[in-house]
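Once you've looked at the hints, go ahead and assemble the two chains, each given alone in its own frame, into the complex.
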Amino acid sequence: MTAVVPITLYTCNICPYAARAQIALRESGAKFREYEIDLQNKPTWYQPKVNPASKVPAIAVGGPEVPADQPSSESIKLRESLAIIEWVADQFPQSALLPKDPLSRYRIRLFTETVSSSLVPAYTAFIFREGTGEALIKALESVQALLPEDAKYAVSNEFTNADVAAAPFLGRLELLLRTDTGVFAPGEGKKLHELLSTGSKFKKLWSYIQALKERESFKETFLENDLLERALKRVEATKKDKETK
Amino acid sequence: MAPQITLFVHGKTPNPPKVAILLEELGIEYAVENKVFGDGPDGVKNPAYLKINPNGRIPAIIDHSNNDKIVWESGAILLYLAERFDKAGKFVGKDINERAQVYEWLFYQVSGLGPTQGQANWFIHYHPVKDLHPSVLERYQNEAYRIYGVLEKRLEGEGDWLALKRFTVADMAFYPWILLYEVAKLDLSKFPKVQAYFKRIQALPSVEKAYAKLATAH
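Sequences listed follow chains R and U, in order. Take the first sequence: its position 43, counting from 1, is numbered 43 in the working numbering, and each next residue is one higher. Take the second sequence: its position 211, counting from 1, is numbered 211 in the working numbering, and each next residue is one higher.
Okay, chain U solo, but in the shape it has when bound (with noise of 0.2 Å):
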């Protein structure tokens, strides 16, 4: 059966497995097309690339199911799938109440740790201006343990899911980014429901076949 989604998705980059993951829960079936940085003939800045995706960025995804229907940003996907495959809200919330919960977390993911992780990564890894004051970085990081704080002091009020008390799109927002922590050169330690609640997403058979799916595009 030739597959219903193309997820373009780049090596081992946080935002593309979210979509993948929801794609598995779901089972439906998508390939996954590697892109590369720049502007050749796989990469993200070509005009080709462009006109799918305006802001050359992964992910974004083709529906087959729906006229070749584009949709980019990792949150837009999520909720487009939820709404195109998850009829019963399983996954995004059953009505207007439990849909804005699960919204003000995957939100919070988008708005939150995305960039913020992210520009610690950046700051690491990237920058190139070197021997940087550390407030630079700094700043990042304390940002991201306040946001870990949030997350943990949620997860003791909680239990075992951010929204809902199921596993939902906020969780799969969320556990790509968490997955990546020693990039951003943070520490843990100090968030041990976190810690746990990463355990238990990664031991899901929806996500260890998201990831393992995501690795045959290199």
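Only chain R is shown next, with the shape it has when bound in the complex (with noise of 0.2 Å):
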């Protein structure tokens, strides 16, 4: 019988790679705590005791029971969120994070190797940067590209690692793009969202994105509100800078 280890998961609330660390703890069962770290605002602590990174998320594993905000020495300390999430699906197999059979785990490694070299960034420089509409689209398309005819998540009818990589992502550009909220063109963002939840051209995408939001992990780590609130306070602070240059 595995003992029940502390775990303690560094987090902000608004972290979309943090929110993977909160999703796959939550589908696992395991018993943990959450610590907030303000990232305007970071504890001396967080770097030196932590993460050398300075970065969310991070977990402290094993060690004496501590306060959170005095983590032990004795302690394990993890960071990188995939590599957290794959942890998380190795140390707790019950949670079939991570099934076992090669095929499987062969695409749901694809699925999100392409959500991190292509929606991350196409997501977060249309939003917050330069990006264009048509990058962004092209992203998505390879997106929907993988997911299978008949089933319900990324990979299969089961929800995998590959849905908690792509989960906080497709969350928040669902929710900017129906608020019109970034840095485009007042309107774009709307454009997008329409085309994105009606017709034809992205109807098995929208029915994932349908399917993550319906996840009770997803759900109790998507603050929509606060969420909103962050994002166009760092759209309106990028607007300003454009025009001090």
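Think of the hints as simulated: they come from the structure by calculation, not from any bench. As the structure is a prediction and not an experimental result, all values here were calculated from the model. Don't be surprised by glycine CBs; every beta carbon is placed ideally from N, CA and C. Some hints here could point you the wrong way.
On the chain R side, residues computed to face chain U include the following (Cβ under 10 Å) [to be verified]:
(1) K152
(2) L175
(3) T181
(4) H193
(5) E224
Straight-line Cα separation of at most 25 Å, DMTMM-like style, residue types lysine to aspartate or glutamate; simulated pairs [stated by the list, open to error]:
(6) R:K233 <-> U:D131
(7) R:K201 <-> U:E208
(8) R:K219 <-> U:E152
(9) U:K199 <-> R:E188
(10) U:K199 <-> R:E174
(11) U:K90 <-> R:E216
(12) R:K55 <-> R:D90
(13) U:K153 <-> R:E188
(14) U:K153 <-> R:D90
(15) U:K190 <-> R:E236
(16) U:K90 <-> R:D90
(17) R:K239 <-> U:E182
(18) U:K94 <-> R:E220
(19) U:K185 <-> R:E174
(20) U:K165 <-> R:E220
(21) R:K233 <-> U:D63
(22) R:K77 <-> R:E34
(23) U:K209 <-> R:E174
(24) U:K199 <-> R:E34
(25) U:K213 <-> R:E236
Dropping the structure here:
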């Protein structure tokens, strides 16, 4: 029998990378606690004692029971969201986040790689930088192309790490396009949302997004109003920056 | 199919949209009829309309699926429609405790933000005495800001909606008034959660359809 070891997840409620770890741990059924790190105002102990990269998510596992803001040097520190969710899947195999057969594992890794190299940069660029709608549409097409015809999630009817990797980004994309939030010209976001949500071009992707939004572990980590508030602030700041240049 | 409800409206005033949004959410067929000021044929102070709403204001509804039952006062209309068409209490609460929470915020809009922001509008745009002492307008604007502060705090604690963690008639009552903040010369930059909340409601299909429908009444 595996002993229950303390798990502390250092997270931030608006960070999509941290959300991956939050979702995976909820899916695993493991006992864990979360500690919120204010990314605008990081505690001085965080970088030396928890994550030298000074980002979230990070996990402290094992070691003595300590307050979350006094991490022990005896606990093992984990970082990097995609490595973390693989660890969760391995540590808690009953979660079914990473099935045993090689082909499914390949498909999960291919999907995750597509999310990382295609979707995330195109989403970030379109909403917050100088990205084009065309690039984002291409990225969405490449994600949709991987979705199986007759399954609920990215590789099967089971919720796997492929979905964990994609959900925080697809969720944010849908919200920000729906509310026309971004540095693009007014209306551009809404137009893309209409393309995504109506008609035939993105029918498969849209129903995948709905399936993700209905997952309990996703719902618990997706605080729409807080996310939109933060995105609006960031977009405002970017626009102001451009004006003063 | 003939509309079940006739809804009396006027221009871009903020109380009829509360009702239109709920009707869109419920999927009820409704017709909109524009009323105007005064006691002319389409006027709100015309005796024919005063029989519908003794207060001579909009909104009011006629429920053709209930023997042409008339209901006036936006808050009363919302609760009437919920009782008629939302048996599961999705938009108003499914039991006494849920409903109490919705009523708190609904009545807060109806007694608080509505009259307060409305008075600010009056003194800016309609009051016949010019060069009023600034403290008059400030009184109403400051009270409006106080109310927005309460909403901001509520959204901080409660997340996405004012009551029951879902879209209810409480949100439907506040949204059309928040939409008109500039008319009252208010600045909502100190209320970022209210701004995000407002943008999310603005993007709801029922809200878009409601406003599009109201625009056809002219």
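Taking the hints in turn, this is what the structure says about them:
1. K152: 24 Å, violated
2. L175: 8 Å, holds
3. T181: 7 Å, holds
4. H193: Constraint on H193 of chain R satisfied, holds at 8 Å.
5. E224: Holds. Min distance 5 Å.
6. R:K233 <-> U:D131: Given that 25 Å is the threshold and the Cα spacing comes to 37 Å, the pair is violated.
7. R:K201 <-> U:E208: Given that 25 Å is the threshold and the Cα spacing comes to 23 Å, the pair holds.
8. R:K219 <-> U:E152: Cα-Cα ~22 Å, so holds.
9. U:K199 <-> R:E188: 15 Å, holds
10. U:K199 <-> R:E174: With a Cα-Cα distance of about 14 Å, the restraint between K199 of chain U and E174 of chain R holds, given a limit of 25 Å.
11. U:K90 <-> R:E216: 20 Å, holds
12. R:K55 <-> R:D90: 23 Å, holds
13. U:K153 <-> R:E188: Violated. K153 of chain U to E188 of chain R sits at ~32 Å, over the 25 Å cutoff.
14. U:K153 <-> R:D90: At roughly 41 Å apart (the allowed maximum being 25 Å), D90 of chain R and K153 of chain U break the hint.
15. U:K190 <-> R:E236: Cα-Cα ~14 Å, so holds.
16. U:K90 <-> R:D90: The given pair, whose Cα atoms are some 41 Å apart, is violated under the 25 Å limit.
17. R:K239 <-> U:E182: Roughly 22 Å separates the two Cα atoms, so the pair holds.
18. U:K94 <-> R:E220: 22 Å, holds
19. U:K185 <-> R:E174: At roughly 32 Å apart (the allowed maximum being 25 Å), E174 of chain R and K185 of chain U break the hint.
20. U:K165 <-> R:E220: Holds, at roughly 12 Å.
21. R:K233 <-> U:D63: 44 Å, violated
22. R:K77 <-> R:E34: 14 Å, holds
23. U:K209 <-> R:E174: 20 Å, holds
24. U:K199 <-> R:E34: 29 Å, violated
25. U:K213 <-> R:E236: 32 Å, violated
Consistency with the previously given hints fails for numbers 1, 6, 13, 14, 16, 19, 21, 24, 25, ordered from lowest to highest.
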